[in-house]
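Protein chains in written order, with this note's numbering: chain A, 8 to 307; chain B, 8 to 307.
Any given hint could turn out to be false.
As the list makes no split between identical chains, a pair holds if one copy fits it or if it spans any two.
Keeping only pairs whose Cα atoms sit at most 25 Å apart, straight-line, the calculated DMTMM-like set for lysine to aspartate or glutamate is [claimed, not checked]: (1) K204 <-> E232; (2) K210 <-> D222; (3) K210 <-> D95; (4) K265 <-> D222; (5) K220 <-> E232; (6) K210 <-> E181; (7) K84 <-> D62.
Rather than coming from a laboratory, the hints here were simulated on the basis of the structure. Remember, predicted model here, so these are calculated numbers, not experimental data.
Protein chains: 2
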Amino acid sequence: MSLIVVGSVAFDTIETPYGKVENVLGGSAIYFSYGASFFSPISLVGIVGQDFSLDEELELLKARNIDIKGLKIENGKTFRWSGRYVGDMCQAETLSVSLGVFGKFQPLIPPYYRNCSYVFLANGSPKLQKKILDQIKHPKLVFCDTMNYWINNEKKALLTLIEQIDGLIVNNDEVRLLTGMYHTVTAAREILKWGPKMLIIKKGEHGALLITKDDFFAIPGYPIEVVRDPTGAGDSFAGGMMGFLAKTNNLSIKNLKKSLLYGSVIASFTIEDFGLEKLKQTNYKQVEARYQRLLSMITL
Amino acid sequence: MSLIVVGSVAFDTIETPYGKVENVLGGSAIYFSYGASFFSPISLVGIVGQDFSLDEELELLKARNIDIKGLKIENGKTFRWSGRYVGDMCQAETLSVSLGVFGKFQPLIPPYYRNCSYVFLANGSPKLQKKILDQIKHPKLVFCDTMNYWINNEKKALLTLIEQIDGLIVNNDEVRLLTGMYHTVTAAREILKWGPKMLIIKKGEHGALLITKDDFFAIPGYPIEVVRDPTGAGDSFAGGMMGFLAKTNNLSIKNLKKSLLYGSVIASFTIEDFGLEKLKQTNYKQVEARYQRLLSMITL
Numbered sequence: 008m009s010l011i012v013v014g015s016v017a018f019d020t021i022e023t024p025y026g027k028v029e030n031v032l033g034g035s036a037i038y039f040s041y042g043a044s045f046f047s048p049i050s051l052v053g054i055v056g057q058d059f060s061l062d063e064e065l066e067l068l069k070a071r072n073i074d075i076k077g078l079k080i081e082n083g084k085t086f087r088w089s090g091r092y093v094g095d096m097c098q099a100e101t102l103s104v105s106l107g108v109f110g111k112f113q114p115l116i117p118p119y120y121r122n123c124s125y126v127f128l129a130n131g132s133p134k135l136q137k138k139i140l141d142q143i144k145h146p147k148l149v150f151c152d153t154m155n156y157w158i159n160n161e162k163k164a165l166l167t168l169i170e171q172i173d174g175l176i177v178n179n180d181e182v183r184l185l186t187g188m189y190h191t192v193t194a195a196r197e198i199l200k201w202g203p204k205m206l207i208i209k210k211g212e213h214g215a216l217l218i219t220k221d222d223f224f225a226i227p228g229y230p231i232e233v234v235r236d237p238t239g240a241g242d243s244f245a246g247g248m249m250g251f252l253a254k255t256n257n258l259s260i261k262n263l264k265k266s267l268l269y270g271s272v273i274a275s276f277t278i279e280d281f282g283l284e285k286l287k288q289t290n291y292k293q294v295e296a297r298y299q300r301l302l303s304m305i306t307l
Numbered sequence: 008m009s010l011i012v013v014g015s016v017a018f019d020t021i022e023t024p025y026g027k028v029e030n031v032l033g034g035s036a037i038y039f040s041y042g043a044s045f046f047s048p049i050s051l052v053g054i055v056g057q058d059f060s061l062d063e064e065l066e067l068l069k070a071r072n073i074d075i076k077g078l079k080i081e082n083g084k085t086f087r088w089s090g091r092y093v094g095d096m097c098q099a100e101t102l103s104v105s106l107g108v109f110g111k112f113q114p115l116i117p118p119y120y121r122n123c124s125y126v127f128l129a130n131g132s133p134k135l136q137k138k139i140l141d142q143i144k145h146p147k148l149v150f151c152d153t154m155n156y157w158i159n160n161e162k163k164a165l166l167t168l169i170e171q172i173d174g175l176i177v178n179n180d181e182v183r184l185l186t187g188m189y190h191t192v193t194a195a196r197e198i199l200k201w202g203p204k205m206l207i208i209k210k211g212e213h214g215a216l217l218i219t220k221d222d223f224f225a226i227p228g229y230p231i232e233v234v235r236d237p238t239g240a241g242d243s244f245a246g247g248m249m250g251f252l253a254k255t256n257n258l259s260i261k262n263l264k265k266s267l268l269y270g271s272v273i274a275s276f277t278i279e280d281f282g283l284e285k286l287k288q289t290n291y292k293q294v295e296a297r298y299q300r301l302l303s304m305i306t307l
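Next up, chain A with everything else stripped away, as it sits in the complex (with noise of 0.2 Å):
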């Protein structure tokens, strides 16, 4: 089924004790893509500047049957951030941002994408995120990603997006900031009260959580022996699990865990090496290895 992600496009520089990349090819929407191409055709709705290089990050994202008929080229520059990850790396440090032509992005979606079935609002402002999601006609499963910052400082219009999505995507900060309450289960069933059929919750090396009214399902991080570069960990598992979701089209309890452990396989990968290093030489067979592995983990 088609599969949308409306996000960010962005060259990062990158820092960690593994080393630095300067200026590659990033941002959420990216790398979502990226994470669900392993599975199925993604429709990429972003924009960049003019100091994207049509030849080589174009090529790139064709090469991995990533649609980009929605990717506005605009006067101006590409989003551009910059961090750096020290100690555990559980935490980025930004050392600078520059929105560049996306902070003036007003996503219009395309007429032939607005009966797309699977679509993933990337972190953004809620305002925006619902924007883009009101012109999806009728989608079969939306899920949405946020930050600290817009549940400081756009509380409401998160909560009213959050009532017509079916899953949000966090972690346990962002859950606990959300709800004021500490413990992520009791969190979780009153964020499930305001909408969602689904609470997808990621904690990095300790896994991820899948909890709906009736189902809690956990899963362990698979186990990776050096962590160079946790950019994009968290879009490329939400690239994995919808990227699955639309292939097989089947939202059964026993599908979406699934794709949990799928998501978590393309995150492993992901930060395995700096920005897309490590995606770009993983095959599909590999996913599936990975897959089996991490299944067995969870298997008595």
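On the provided structure of chain A, position chain B as indicated by the hints.
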């Protein structure tokens, strides 16, 4: 099969954001025994002072089928510990320790325990742990706990002990400290080279891992709405594991995985109230119900 624990018996004074209790029965051997007693008879070897109330505490243990013939009562005072948990309650801040008679504990295993099959060496000096182990004739399964203090101060003795045991039960920080390696799985593989057949890694709310040469098994923590007091979580977890293994006397990888789930279930009850309060009010049917629920949380 016969199960024995050697460790501390203490009076604890515990403060958490949920309240305070004074001089309640605690100590590693007590929590372990209590956890194990849901599954199997258990023999406790330890030492207390004359301030240990024979009527109350001993009756409580006997009622749980905990054999205390090996609990020595000596002139002096029982081990007392006072600690406080704040914030996310991940770590206790020790306010005071008074070793009392435990300071001169030189456990002589009574002859009738020396054929014991299942042995738990609770946290303590590795030299003492080895002395204890050397008195057991042909143990079938030996699990051992330790802590940062022994890793820092008696590492050589600890490594000698580790060669002789079947399973080490530790947390992530201890694994890292012991090996100087950051990544859990790499570190675990290193420790497995030193002798043990398995490593059990306790991760608190994030569950636990069982790592052997050929297997990697991960479970989430049983989701508890309110954690009132984490004291005893690790020891009662170990007690649940070994109690189940002693009862079933089956060391297949599948049964070891099951034991991890049972251990986690026991710990989940422990932390719901202060000291042993919740465990005292818990019956086997409730343990089994929570086991089934935890199992469902990792089942596709």
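Alpha-carbon proximity between K204 and E232, which holds within one copy, between copies, both or neither at 25 Å
between (35 Å within a copy, 21 Å between copies)
Please sort K84 with D62 into within, between, both or neither, judging by C-alpha distance up to 25 Å.
within (17 Å within a copy, 79 Å between copies)
Reference check for the pair K210 and D95, CA-CA at most 25 Å: within, between, both, or neither?
Intra 14 Å, inter 16 Å, cutoff 25 Å: intra and inter.
When no copy is specified for K210 and E181, does a C-alpha distance of 25 Å or less occur within a copy, between copies, both, or neither?
both (11 Å within a copy, 21 Å between copies)
Is it within, between, both or neither when you check K265 against D222 at 25 Å Cα-Cα?
both (14 Å within a copy, 21 Å between copies)
Since the copies are identical, ignore which copy is meant and state whether K210 and D222 lie within 25 Å (CA to CA) inside a copy, between copies, both or neither.
Result: close both inside a copy and across copies, 18 Å intra and 22 Å inter.
Between K220 and E232, at a C-alpha cutoff of 25 Å, which is it: within one copy, between copies, both, or neither?
between (35 Å within a copy, 16 Å between copies)
The earlier numbered hints are all upheld by this structure, with none contradicted.
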